[in-house]
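When you get a sec, could you build the whole thing from the sequences and use the hints?
As you go down the protein sequences, you meet chains A and B in turn.
Residues in the first sequence are numbered from 1 upward in steps of one, following the working numbering.
Residues in the second sequence are numbered from 196 upward in steps of one, following the working numbering.
Rather than coming from a laboratory, the hints here were simulated on the basis of the structure.
One thing to keep in mind: the hints can contain errors.
27 Å max Cα-Cα, derived DSSO-like pairs, lysine-lysine [said to hold, decoys possible]: (1) B:248 - A:23; (2) A:151 - A:59; (3) A:28 - B:248; (4) B:291 - B:276; (5) B:350 - B:280; (6) B:350 - B:291; (7) B:280 - B:248; (8) B:521 - A:5.
Computed from a predicted structure; not experimentally measured.
Letter by letter, the chains look like this.
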Amino acid sequence: MRVAKRVYSGVYNLILGLLTVFKHLGHKAITLQYPDERMPMFERSRGVVVLLSDPETGKLNCTACLLCARACPVAAISIVQGTDPDTGKRYPEKFEIDNTICAFCGLCEEACNFDAIKLTGKYEFSVYHQETLLYDRNFLQELGRDVPYEKKKKPVPKTKAAPTTDPTSPKPEKPASPKPDESPKEPPGEDKPGT
Amino acid sequence: MFELEGIFNAVGDFLASFLGSPLLQIVSVIAVGTVVAGFLAVLALFLVWWERKLSADFQVRMGPMRTGPHGVLQTIADAIKLLQKEDIIPLTADRKVFFWAPVVCFVTAFMAYICIPFGKGLIVRDLNIGILYIVAITTFTVISLLMAGWASNNKYSLLGGMRSAAQIVSYEVPLSLSLLGAVMLAQSLSMVTIVQGQSESFLHWYIWRQPLGFLLYIVAATAEVNRTPFDIPEAEQELVAGFNIEYSGMKFAMFFLAEFVNMFTVCAIAVTLFLGGWNPPFEFLSFIPSWIWFLGKCLFLIFVLMWFRWTYPRLRVDQLMAFAWKFLLPLAFLNIIASGFLIYLFE
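Listed below in structure tokens is the structure:
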């Protein structure tokens with residue numbers, strides 16, 4: 001009797017398994033055909049780092065304040081400051097992110113006061129040569145061209161000694177500090193940071 | 196109207212009209228062999244693709260999609276790739292045995308098709324011991340697997356070969372015994388006679404008079420062709436790949452081909468003995484050619500085998516042996532005794 005019961009329950013479970021598997025026939029596949037279809041990335045996903053530009057002027061939001069470079073735990077960011085000779089505003093003369101060591105932690109984005117640097121949902125950055133992963137300013141800017149962002153942060157340079165030149169300026173950029181700060185004027189600036 | 200018998204007969208008559216008798220013999224053997232081999236190659240390509248698509252479907256994926264619409268050309272691409280591969284023979288291998296193992300495997304799988312009735316009149320040679328011949332010839336697979344496992348000189352392939360020998364020899368017994376019931380009903384070993392015995396409607400199929408025999412056959416056949424849940428000879432997680440680890444290129448392709456050909460063979464036997472062979476289930480459906488019925492039934496059974504594969508986990512070696520000797524074998528004997536008794540009572 002016990003044997004019959006065991007055989008019955010065994011056969012029952014075998015058939016149950018078959019039916020469970022059969023239910024999946026004709027089910028729409030939950031996988032994506034990757035190169036053709038891509039999963040939409042989430043708004044706050046932390047992919048590659050880009051530099052954001054002002055959509056109106058096309059210039060970089062970055063003021064080369066070096067906060068991100070200091071916040072970076074792996075020192076992936078290296079910036080050289082430059083000053084625009086016409087407006088006296090600072091801009092990143094050189095802005096490099098070494099993507100081989102970037103940890104995608106997002107601390108640079110948090111540190112930034114000017115919506116200038118952001119982690120995006122872009123993730124397809126496989127290359128054949130390691131050197132290609134050293135992203136320069138123009139590359140980062142081009143990457144950030146189509147990245148939508150809201151100007152949430154406001155520049156609050158209250159603690160800074162330098163007075164703001166125009167407090168009502170709509171631009172979130174950091175106002176230029178007095179000239180004597182920047183003695184080296186060798187980089188001519190040539191008003192190119194936004195192009 | 197789409198029966199292939201007429202076409203083949205016409206071709207045969209055409210050849211006979213200008214060929215002498217000894218030459219005709221040779222030409223017809225070559226022609227029939229080529230047709231069957233071509234059919235089997237196409238079938239194996241299709242089955243590999245179908246298995247992949249079906250497994251993908253069961254697992255809610257898509258499977259091969261790139262080569263051709265829905266990946267239909269995938270296995271052709273794979274076959275071409277396999278043909279281009281380097282033919283590696285391990286240094287310590289027994290070269291002769293290593294070479295002949297896939298040949299034996301493929302040829303024996305192929306030879307079973309001499310007496311499988313694909314349709315009305317579509318049989319290479321209607322041997323009067325047909326089913327016995329098929330059971331005997333498919334057993335040669337064991338030898339080829341053992342040869343492959345032994346000649347590779349690799350512990351995993353040897354283990355795989357030993358396991359497959361143990362398994363196939365064990366399951367051969369209930370397999371053959373489960374066929375006996377249907378043979379007793381048909382009073383013949385000839386495949387054609389067995390099919391003709393179940394011709395009128397689907398109620399005359401032997402599955403209704405041999406339900407236990409059919410179940411036992413399906414289970415034993417699954418083990419016989421080394422498919423999950425009885426695929427311990429090539430259990431990937433334990434044995435890397437089983438008996439065929441050291442094989443590459445064309446030889447591997449032959450093993451692979453033989454595997455799917457064997458799968459079709461066991462399904463064809465099941466269809467012939469239990470599911471009415473080429474007969475349509477109802478008389479009014481006989482306008483569909485008989486070979487389509489046969490292929491359709493075979494494909495259905497293959498679908499069931501694939502369904503098993505993607506449902507059940509693999510058995511352990513001792514469970515496998517216990518299942519064959521303690522469960523299947525007594526049931527197979529019981530089936531024979533019961534059917535003999537019933538046949539004696541009612542006929």
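- prompt: Which of the numbered hints above does this structure break?
  reply: none
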